[in-house]
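S.K.: Going line by line, the protein sequences match chains X and H.
Here my numbering is used: the first residue of the first sequence is 1, the next is one more, and so on.
Here my numbering is used: the first residue of the second sequence is 1001, the next is one more, and so on.
Among the clues, some could well be false.
What the hints assert, rightly or not - Okay, the calculated bits of chain H under chain X, using three or more residues with CB under 8 Å as the criterion:
| # | region |
| --- | --- |
| 1 | 1041-1048 |
| 2 | 1076-1086 |
| 3 | 1104-1113 |
Just so you know, these hints were derived from the structure itself, not from any lab.
Yeah, the Cβ is synthetic: ideal placement off N, Cα and C, and Gly gets one too.
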Amino acid sequence: GNSVTQMEGPVTLSEEAFLTINCTYTATGYPSLFWYVQYPGEGLQLLLKATKADDKGSNKGFEATYRKETTSFHLEKGSVQVSDSAVYFCALSAAPQGGSEKLVFGKGTKLTVNP
Amino acid sequence: DARVTQTPRHKVTEMGQEVTMRCQPILGHNTVFWYRQTMMQGLELLAYFRNRAPLDDSGMPKDRFSAEMPDATLATLKIQPSEPRDSAVYFCASGRGRGVGETQYFGPGTRLLVL
Chain X
1 GNSVTQMEGP VTLSEEAFLT INCTYTATGY PSLFWYVQYP GEGLQLLLKA
51 TKADDKGSNK GFEATYRKET TSFHLEKGSV QVSDSAVYFC ALSAAPQGGS
101 EKLVFGKGTK LTVNP
Chain H
1001 DARVTQTPRH KVTEMGQEVT MRCQPILGHN TVFWYRQTMM QGLELLAYFR
1051 NRAPLDDSGM PKDRFSAEMP DATLATLKIQ PSEPRDSAVY FCASGRGRGV
1101 GETQYFGPGT RLLVL
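One chain only, chain X, in its complex shape:
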């Protein structure tokens, strides 16, 4: 079945440090890939997505590239801020023709950025 594996947390960084959160997937067909972010006490919100191989999703300084050859979608940011402290979820959706948009999530990676 479809699955997502992301690096275990928690991750603690200093402000302006470089961030990488690894995500790999297993899927049948051609999945779309997502990063969602959950701030404390809130629901998840889409951070970025990519719907086909070699696409790069980007938002708020975060980037991730859909790598079909390595089945990966690693999240990166060049300089993190305290406000980036949150839990980050990698997810995929993959469906048969006319099928669902169900998301399969990774376990989440908690990021804490210290001033």
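For this one, chain X is given, so just place chain H on it according to the hints.
M.R.: Below, chain H without anything else, positioned relative to chain X:
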């Protein structure tokens, strides 16, 4: 700024009691998802509706959980009878139903504690 709303935000109840959680999807969205989030299991999909019809509830314990959409503006998730292991945060999400790659918009969640 359209948002998914959920009520109640917090619920404390005793084992054996009925719990009803409500969700108002974003106007115009035709897919609704119910997720459960726990520390141990992460995010799990419980049920999924399109145009008010249930498409997949394979993640839901059938003996005690039920999900319905009485109309396009209301989705409900009921637990009867509730058990301590049901303690979790329950999220509703909605989407435009355009297939794989579609963004899901999450509500703030209902935090349930069953004593």
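S.K.: Decide, hint by hint, whether the structure agrees.
M.R.: Evaluated hints:
Look at the region 1041-1048 of chain H against chain X: 4 of its residues bring a Cβ nearer than 8 Å to a Cβ of that chain, three or more, so the hint holds. Counting residues of the region 1076-1086 of chain H whose CB lies closer than 8 Å to any CB of chain X gives 0, which falls below the minimum of 3, so the coverage claim is violated. With a cut-off of 8 Å between beta carbons, the region 1104-1113 of chain H has 6 residues touching chain X; three or more are needed, and the interface restraint holds.
Of the numbered hints stated above, the single one contradicted by the structure is hint 2.
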